[in-house]
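Novice: Spelled out from the first residue to the last, the chains are:
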Amino acid sequence: MYSFEPTEEQRMLIDAVQRYAINDLRNAAHDADESGELPQALVEKGWELGVLQASVPEAYGGFGEHSAVTGVLAAEELAYGDPAGALAVMAPAAYALPVLLAGSEEQKKALLPPVIGDSWKPFTAAFIEPDFDFFAGDMRTKARKEGSGYVIDGVKAMVPFADRAQGLVAYAALDGKTQAFVVPAKAEGVKVGEREKLLGLGALPLFRVEFESVKLGGDAWLGDSPTKDAGPLIAASSVAVAALAVGLSRAAHLYSLNYAKEREVFGTPIAQKQSIAFMLAEMAIEIESIRLLVWEAAWLLDSGKDAAREAYLALSGASDMAMMVTDRAVQILGGHGYIREHPVERWYRTGRGISTFPGLAMV
Amino acid sequence: MISFEMPEKIQQTVTLMTMVAENMMRPVARHFDEHEHEVPWDYINFMHDANKQMGGGGFVPSTEKPKKSESGEPKKEGPRIGYQRLAYSAEVLSWGDTGLYLCSPVGLLGAAAVAATGTPDQKARFLTRFGGDKPVLDAMALTEPHAGSAMPAMVRTTAVRDGDSWVLNGEKIFVTAGHKALVDTQGFVVVWATIDPSAGRAGVRPFVVEAGTPGCTVTKLEHKLGIRASDTASVVLQDCRIPFENILGSPEVEKKTTEGFKGAMATFDASRPMVAASALGVARATLETLKDFLAQKGITVRYGLPRSRLTNIERELIDMEVMLRSTWLLVLKSVWMMDEKKPNNLEASMGKVRAGDAVVKITQRAVELLGPVGYSREHLLEKWFRDAKINDLYEGTGQINRLIVARRMLDYGRQELS
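Residue numbers (the numbering used here), protein chains in the order written: chain A, 1 to 363; chain B, 364 to 781.
Because the hints were derived from the structure by calculation, they are not lab data.
Just so you know, not all the hints are guaranteed correct.
Said to hold, decoys possible - List time: in silico DSS-like cross-link candidates among lysine-lysine, alpha-carbon distance up to 25 Å:
id : chain 1 : residue 1 : chain 2 : residue 2
1  : A       : 145       : A       : 177
2  : B       : 724       : B       : 654
3  : A       : 305       : B       : 372
4  : B       : 497       : B       : 415
5  : A       : 305       : B       : 654
6  : A       : 197       : A       : 109
Unchecked claim - Every beta carbon over 12 Å from chain A, so not counted as near; a handful from chain B, in silico:
id : residue
7  : 398
8  : 405
9  : 587
10 : 601
These numbers were taken from a predicted model, which means no experiment stands behind them.
We put the CB at the ideal spot given by N, CA and C, even for glycine.
Just chain A, same shape as in the assembly (with noise of 0.2 Å):
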């Protein structure tokens, strides 16, 4: 059966993400991206939330099911408030998911509990490389077997909170394929560089990662069968990065409407010109189609099913709608948009990074 409805548990954590995202997220996002910092409390605070906690079984430390369709809805309301502080939020889930979606009975006993706990803390993960062509069927950072263990070699970028990480879950390629291993934190010759400046995202503290001959027991490589790969893996991240395009746009979107109809040009609202109008009234179409798309790659994941095509084709629409979106909200401000008062030129330097951002999240 066909269905649009969230349940009603959805639609609960949904209102409640909701109120984070506008009254906290939504105030701080100016400041944070002007200084490059996230207040703490205001992170713990959207950890309180639960999302994560509730897509982790009670056996590892949480109180729920995983639900990709669940961690989307959640993802488009947290990036409703401020992408970069949802990608804050929500690092950990780039650790635990991986783990719980692809490790072992052992490593999900062993390694979830620590994460989810009552506060948040620094686990994250090392997946995008410092080149154009970056491509995550074709990673440049290798593993090789050795002895009963791995070795990890090559550089990693945009790896979030790597300064303080307690542990991270890094992406290479063995044999060929796309693989996850699990890092510790303090593991010998993992070199975290310089913090990355970068066009959006200023909250978030990012960082270039070096991996020189890491040595990683046996017990890193999060998988069953080396005939398989990380493709679910990547899936559920570029998933839940169109979700964030999602939330974005939904924001950029409001914001360009309610301005709309309040700024005059000789004597009538903006909003009141076909010009205008349109518009928003493609930006709305334009968001409702694509987030449908992201819902299905979801539900796709969830029923387990392939869902790699379905995930990258959510992904292509969604960094597309994000791009023609904060685009047009600026335009809407005109001169205004361009100020750094609005969130809107923060939105569109934001959307540009959606096709790049997958890695740093995951449902």
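We have chain A; now place chain B onto it with these hints.
Specialist: Positioned in the frame of chain A, the structure of chain B alone reads:
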């Protein structure tokens, strides 16, 4: 719970309609494109027989409560999927051929108006005929020579009450399947007319005019860019007398509210998703054919690659797939809302806008990408390019539907945004 699982009943419908599309439509699509105004009786008769075998109620979902079973227990009501199924039928049959789909004797736009706004008695009188001995078609007559997108507010055709009847006068143009509904078969046309020209939009109502009614004449058939299997007629109403009971909605004019008018407009919430679904059938046919041609040359899409590593053709195909699937989901949501009895006015127009855009872009690009092959009448791509454009025009142009979406979102009326 959010779910994208196709119900088995819809799966069966899709399988069945695909067989019809492959066997009864594709093989004759070119013939009827080249023989405009020739009536595709084989298709019409086949669809009529098939519809009768399936119960004969026409395609429009029943809004009546399910009948009690023999034991007297009320039948267990599953989720309503009637409009979802209808949208899938429109999609698959248009994948076969849009022009022929518009010749389906199963109740399309006119029937949708009756289903959306008619009384149980009217539904019995007008909708049961689709299951009769002979095939019948229905049509909707809205546009007039002086106004298209401003309809139905600008209706000049009048309906004057005279005892137990209404007398209609006026001219309607661009009536899809008008000739088939009024001349080729004993069908009906839903004609929009005003019962009080001084009341503006508040006075506008749809009326059912049956084939054979004196004073109702088809005067012209248009020659079109595409969908040539479907006739587009002009209908003149000259002192055309119809029974009083043929008015859809209230015969009273409430000048202050426009409730009667708004009720009539509910028709479009049902019909726009069907046009959108039909558009996407053509879009899917085009994309599939394009991919087949390219696959023969060894070109397939490598999903997952970043754009920097993709060829232009791969990027185009990926864009088209995103457009097609995301738009389909939007249309599906709009009909799911109908089945769930949720107001879907916004979603119906959203889907219509995007489906019109999608099919036009996809067919334009496909013809371009295949060069002389795409441009040749040896293949159907150039035909689909011509057929596609109607979807951005009928049942409200892309611009009118943008206006509806914008007004809804901005909470504006006609005064604020026109």
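Novice: Evaluate each hint against the coordinates.
Specialist: The hints, checked one at a time:
no.: 1; hint: A/145 x A/177; result: 13 Å, holds
no.: 2; hint: B/724 x B/654; result: 16 Å, holds
no.: 3; hint: A/305 x B/372; result: 22 Å, holds
no.: 4; hint: B/497 x B/415; result: 10 Å, holds
no.: 5; hint: A/305 x B/654; result: 24 Å, holds
no.: 6; hint: A/197 x A/109; result: 37 Å, violated
no.: 7; hint: 398; result: 37 Å, holds
no.: 8; hint: 405; result: 34 Å, holds
no.: 9; hint: 587; result: 27 Å, holds
no.: 10; hint: 601; result: 38 Å, holds
This entry does not satisfy hint 6, going by the numbered hints stated previously; all others are met.
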